[in-house]
Amino acid sequence: EADIYQTPRYLVIGTGKKITLECSQTMGHDKMYWYQQDPGMELHLIHYSYGVNSTEKGDLSSESTVSRIRTEHFPLTLESARPSHTSQYLCASSESGEDTEAFFGQGTRLTVV
Amino acid sequence: GEDVEQSLFLSVREGDSSVINCTYTDSSSTYLYWYKQEPGAGLQLLTYIFSNMDMKQDQRLTVLLNKKDKHLSLRIADTQTGDSAIYFCAESFSGGYNKLIFGAGTRLAVHP
Chain A
1 EADIYQTPRY
11 LVIGTGKKIT
21 LECSQTMGHD
31 KMYWYQQDPG
41 MELHLIHYSY
51 GVNSTEKGDL
61 SSESTVSRIR
71 TEHFPLTLES
81 ARPSHTSQYL
91 CASSESGEDT
101 EAFFGQGTRL
111 TVV
Chain B
1 GEDVEQSLFL
11 SVREGDSSVI
21 NCTYTDSSST
31 YLYWYKQEPG
41 AGLQLLTYIF
51 SNMDMKQDQR
61 LTVLLNKKDK
71 HLSLRIADTQ
81 TGDSAIYFCA
91 ESFSGGYNKL
101 IFGAGTRLAV
111 HP
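Residue numbers (the working numbering), protein chains in the order written: chain A, 1 to 113; chain B, 1 to 112.
Next comes chain B alone, as it looks inside the complex:
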């Protein structure tokens, strides 16, 4: 079946790198996404990677995909207090209605 798992909490010091990990079970996904949810706000798409890629870099964000191990990670370089939020990993499947399967989210806390 389809399942996405993430660790629930990560605490880092300001200026350090953060790495948020995600594992998924269904290898037929087409895209994998990282969404950010700030307190009281909706989800904001941060970045995504096509399933036939293994890395994507976008400014401070680096996404790594290990399709063999079904493991996705999001690295945030030079983490700032404004990066404190919940980060959701999601996978999508082709055909129809953009079915997105979300993980439970990782709460990132950035401290001075």
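In isolation and in its complexed conformation, chain A is listed as follows:
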């Protein structure tokens, strides 16, 4: 079973609030990812990290930011939430090397009202 955890599982929050979605993994993986998934749609990569102090933007533009101060922790922050940010956010991690398996967290379903 994958040891990657996301909190909260569900979040309903008002417009304009700052939120941080937490993601932690205990597998010692260097690579971590954030995907955004709208209902019935494919996953889109919004951020990834090769390791500590490394963060890059993914294919889908996002107003969120990420940080990687520790190997096991990859939080995603929205400074001012908007209804357009309503979505499911999935965190994943994988070992170094090419084409290694990505392990996913259970996701955070965010609703901004």
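By construction, these hints were calculated from the structure, which means they are not laboratory data. A portion of the hints provided could be inaccurate.
No farther apart than 25 Å at their CA atoms in a straight line, the calculated lysine to any residue pairs in the SDA-like style are these [claimed, not checked]:
1. B/36 / A/106
2. A/57 / B/67
3. B/70 / A/57
4. B/70 / B/46
5. B/36 / A/83
6. A/57 / B/30
7. B/36 / A/16
8. A/57 / B/93
9. B/70 / A/26
10. B/67 / A/101
11. B/36 / A/30
12. B/36 / A/70
13. B/36 / A/26
Fit chain B to the supplied structure of chain A, relying on the hints for placement.
For chain B alone, coordinates are given in the frame of chain A:
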């Protein structure tokens, strides 16, 4: 560009075989994956196939890859109610950060 397409919904009777299809556009992918997502859960890797293979079997799962037609399928034999989930096809590309391109997912409903 990179694009992965799947049909959105499949309904099968318990005990029958399910076949979930996927087409992709970029022939430079190295691996192709099938992920399963149960309600309220994250994605779980079911199986994968290297792009130079054409078939892989793993217990009840059979993956077929037609590289010429850029078509990937997942066959589940003896489908059970516990197989009800959304199945995502994904392709990956070598180099860098394990870029995975996902399809929109096929919702498999298994009925008695």
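How the hints compare with the structure:
1. Distance hint between residue 36 of chain B and residue 106 of chain A is fulfilled; the C-alpha atoms sit about 12 Å from each other, no more than 25 Å.
2. This hinted pair does not check out: residue 57 of chain A and residue 67 of chain B have alpha carbons roughly 30 Å apart, beyond 25 Å.
3. Only pairs whose Cα atoms come within 25 Å are accepted, and residue 70 of chain B paired with residue 57 of chain A is rejected, the gap being roughly 28 Å.
4. Distance check on the hinted pair: residue 70 of chain B and residue 46 of chain B sit about 20 Å apart at the alpha-carbon level, within 25 Å; holds.
5. At roughly 28 Å between alpha-carbon atoms, residue 36 of chain B and residue 83 of chain A are farther apart than 25 Å, so this suggested pair is violated.
6. The hinted pair formed by residue 57 of chain A and residue 30 of chain B meets the criterion: a straight-line CA distance of about 22 Å does not exceed 25 Å.
7. A distance of roughly 34 Å separates the Cα atoms of residue 36 of chain B and residue 16 of chain A; the hinted pair therefore is violated under the 25 Å criterion.
8. Between residue 57 of chain A and residue 93 of chain B the CA atoms are separated by roughly 17 Å; this keeps the pair inside 25 Å, and the hint holds.
9. In summary, the hint linking residue 70 of chain B to residue 26 of chain A is not supported, as the alpha carbons are separated by about 36 Å, beyond the 25 Å threshold.
10. Under the criterion of a C-alpha separation no larger than 25 Å, the hint pairing residue 67 of chain B with residue 101 of chain A is consistent with the structure, at around 22 Å.
11. For the hint pairing residue 36 of chain B with residue 30 of chain A, the CA-to-CA distance comes to about 24 Å; that is within 25 Å, so the pair holds.
12. Between the alpha carbons of residue 36 of chain B and residue 70 of chain A the distance comes to roughly 29 Å, so the proposed pair goes past 25 Å and is violated.
13. The suggested pairing of residue 36 of chain B with residue 26 of chain A holds, with an alpha-carbon distance near 22 Å, which does not exceed 25 Å.
This entry does not satisfy hints 2, 3, 5, 7, 9, 12, going by the numbered hints stated previously.
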